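Q: These protein sequence lines are chains Z and V, in that order. Under the working numbering, the first residue of the first sequence carries the number 16, and numbering increases by one thereafter. Under the working numbering, the first residue of the second sequence carries the number 5, and numbering increases by one thereafter.
Quick caveat, the hints were computed from the structure, so don't treat them as lab data. The reader is advised that the hints may include incorrect statements.
[Claimed, not checked] Which stretches of chain Z does chain V cover? Using the computed rule of at least three CB atoms under 8 angstroms from a CB of chain V, they are: (1) 86-100; (2) 120-131; (3) 134-145.
Predicted model, so just to flag it, every value in this text is computed and none were measured. For each residue, glycine too, the CB sits at the ideal point set by N, CA and C.
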Amino acid sequence: MAPQSAQRHGIGSSAEGVAVVSASAQLFDCRDAFARTLEEAAAADARIVAVVNDSLGSSKMGGFRKLYPRRLVNVGIAEQNMVGVGCGLANGGLIPFVCGAACFLTGRAMEQVKVDLAYSKSNVKLCGMSGGMAYGPLGPTHHSIEDLAWTRVLPNLTVIVPADPYETEQALGAALELDGPVYLRLSRMGVPNVHGEGQAFRLGRATKLREGRDVTLIANGTLVCRALEAARQLEQEGIAARVLNMATLRPLDEEAITAAAQETGCIVTAEEHSIHGGLGGAVAEVVTATVPVPVKIVGVPDVFAPTGSTAFLFEHLGLTAAAIHDAAIAVMRRKARKC
Amino acid sequence: MVHSAKTGHPGGDLSSTDILVSLYFGAMRAGGTWTNAEDRDRFVMSKGHCSGAFYATLAQAGCFPAEWLDSYMQPMSMLNGHPDRNKLPGVEANTGPLGHGMPIATGMALAAKISGAAWRTFVLTGDGELQEGSNWEAAMTAAHYGLDNLTLIVDRNRIQQGAWTEDTIRLEPLADKWRAFGWAVHEVDGHDHAALVELFHRLPLEPGKPNCVIAHTHKGQGVSFMMDRPEWHHKVPSDTELEAALKELQS
Numbered sequence: 016m017a018p019q020s021a022q023r024h025g026i027g028s029s030a031e032g033v034a035v036v037s038a039s040a041q042l043f044d045c046r047d048a049f050a051r052t053l054e055e056a057a058a059a060d061a062r063i064v065a066v067v068n069d070s071l072g073s074s075k076m077g078g079f080r081k082l083y084p085r086r087l088v089n090v091g092i093a094e095q096n097m098v099g100v101g102c103g104l105a106n107g108g109l110i111p112f113v114c115g116a117a118c119f120l121t122g123r124a125m126e127q128v129k130v131d132l133a134y135s136k137s138n139v140k141l142c143g144m145s146g147g148m149a150y151g152p153l154g155p156t157h158h159s160i161e162d163l164a165w166t167r168v169l170p171n172l173t174v175i176v177p178a179d180p181y182e183t184e185q186a187l188g189a190a191l192e193l194d195g196p197v198y199l200r201l202s203r204m205g206v207p208n209v210h211g212e213g214q215a216f217r218l219g220r221a222t223k224l225r226e227g228r229d230v231t232l233i234a235n236g237t238l239v240c241r242a243l244e245a246a247r248q249l250e251q252e253g254i255a256a257r258v259l260n261m262a263t264l265r266p267l268d269e270e271a272i273t274a275a276a277q278e279t280g281c282i283v284t285a286e287e288h289s290i291h292g293g294l295g296g297a298v299a300e301v302v303t304a305t306v307p308v309p310v311k312i313v314g315v316p317d318v319f320a321p322t323g324s325t326a327f328l329f330e331h332l333g334l335t336a337a338a339i340h341d342a343a344i345a346v347m348r349r350k351a352r353k354c
Numbered sequence: 005m006v007h008s009a010k011t012g013h014p015g016g017d018l019s020s021t022d023i024l025v026s027l028y029f030g031a032m033r034a035g036g037t038w039t040n041a042e043d044r045d046r047f048v049m050s051k052g053h054c055s056g057a058f059y060a061t062l063a064q065a066g067c068f069p070a071e072w073l074d075s076y077m078q079p080m081s082m083l084n085g086h087p088d089r090n091k092l093p094g095v096e097a098n099t100g101p102l103g104h105g106m107p108i109a110t111g112m113a114l115a116a117k118i119s120g121a122a123w124r125t126f127v128l129t130g131d132g133e134l135q136e137g138s139n140w141e142a143a144m145t146a147a148h149y150g151l152d153n154l155t156l157i158v159d160r161n162r163i164q165q166g167a168w169t170e171d172t173i174r175l176e177p178l179a180d181k182w183r184a185f186g187w188a189v190h191e192v193d194g195h196d197h198a199a200l201v202e203l204f205h206r207l208p209l210e211p212g213k214p215n216c217v218i219a220h221t222h223k224g225q226g227v228s229f230m231m232d233r234p235e236w237h238h239k240v241p242s243d244t245e246l247e248a249a250l251k252e253l254q255s
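Let's have the full structure, built from the sequences with the hints guiding it.
A: Now the structure itself:
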């Protein structure tokens, strides 16, 4: 059963709209697509339940509660318990979507994620809301730039970071079809649609959004639209950049990474996550073991962020099309020097 | 099992054995042909380090052949040091780190309420384990949702790793704590099979409230030189000690 009704919109084409957090391209909050898709799925499958930690609003589960009051469990502010309750609901035959802020859901309950979900292979869909720098001004306590490093090391746990509403909807459908634990990481920051009508989403497979042989840009989540914008800038300079959307961080599409290394000779990764242990680390692990080529990782540098809005922090920390562009130029120079 | 594996928790195994026996052979629809039945009662061994007593009970209940017990903690055994539900029939939840069982059991009991199923959920925790905050998070959830199909049994042997609970971090007044959290509480001799079974048969203690059974037990029950001795929380008996212990237990 794959929910199908997400409204399709035009691909964001404005350079300004993609390069910065807001501007002329139409931007969407992936949580809307998530909530709508989950409500539709729940209509078709009575086993679907939602679990929240006093996060009804931030998870956009108000509609779900209205439709299915008995299938919405609010455990209060108690993340360890929430993940354990999710495990119990799954072991009791239901399919829980456990929704909360990504920073607490993973960090606060990490041992439960490891033991109760991953090790147990419990059929729980863990939905980390407002990942990355979404809670900009609230500071590093609320930023979630470690969650992908933490979750992607766990056997059995599928990790997905969708880039737009369409992919969010598809990822939710794929998570439902999978009998096992999933960590789905969503942003609350506006993103344009980056996928064309009917573009296939396959779990564990990168989506090639642009062909190119000079350099490969691999991104996920909110950085995919920025990688596309960087590729457009590079094209104007005569550089053909391949763009891969690596929405599934685990299991990783090693084939696409190896092909990129072989065919383009250098790689830039971009993610709304620490430069340590996330997509960049995962790609580097594959590249060093297969076709060693220069890799440059764009992400949050090894610091706790200063205060400021999400838009400010994206600029300040270099989570921008310009930074990806510059990284591509630098990594191509290293390729030329063969180091 | 502990002797041949050269590791384990014999003190806690012995304090919880009578509770496990009362559940599997007196109260629960579990084991034997129930093992994989959808409407079986669920049991979560939150004190997963006492897997020795748990595995012996499951084998006796017909979940798997008794010969498997000989492989306890051996390389590639199905009988891990702590229970793995994907390996061993009859295990409902992976446990080991403390404070995981209560939330999981709460979720299981909620699942039954949501789907209208009649099976009941039991969870056994150690007493020292109650120092983990996750138990109290689950206690609030279970009371809020009125999970009278959930029964917690506290193995109140008063000893945790290395010391008495009350000398480590005080738990008393334990019954009052559970009552204050909205649970129905009953205290019982955790080595009295008849009392335990009778109690389990008249659950729920109060409609609309989760059940807390504080089972007063002795660490190392049945073996005079282990009984109420903190060092036997995590100690392997020598050959002579094993022989003496078995003689006492069989008498």
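Q: Mind checking, does the region 120-131 of chain Z have 3 or more residues with a CB under 8 angstroms from chain V?
A: Three-residue rule met by the region 120-131 of chain Z, so holds; n is 4.
Q: Just to make sure I understand the rule, a stretch counts as covered if three or more of its residues have a C-beta closer than 8 angstroms to a C-beta of the chain. Does the region 134-145 of chain Z meet that for chain V?
A: Coverage by chain V holds here, the residue count being 3 at a Cβ distance below 8 angstroms.
Q: At a Cβ distance under 8 angstroms, does chain V reach at least three residues of the region 86-100 of chain Z?
A: holds (count 11)
Comparing the model with each earlier hint shows no violations; every hint is respected.
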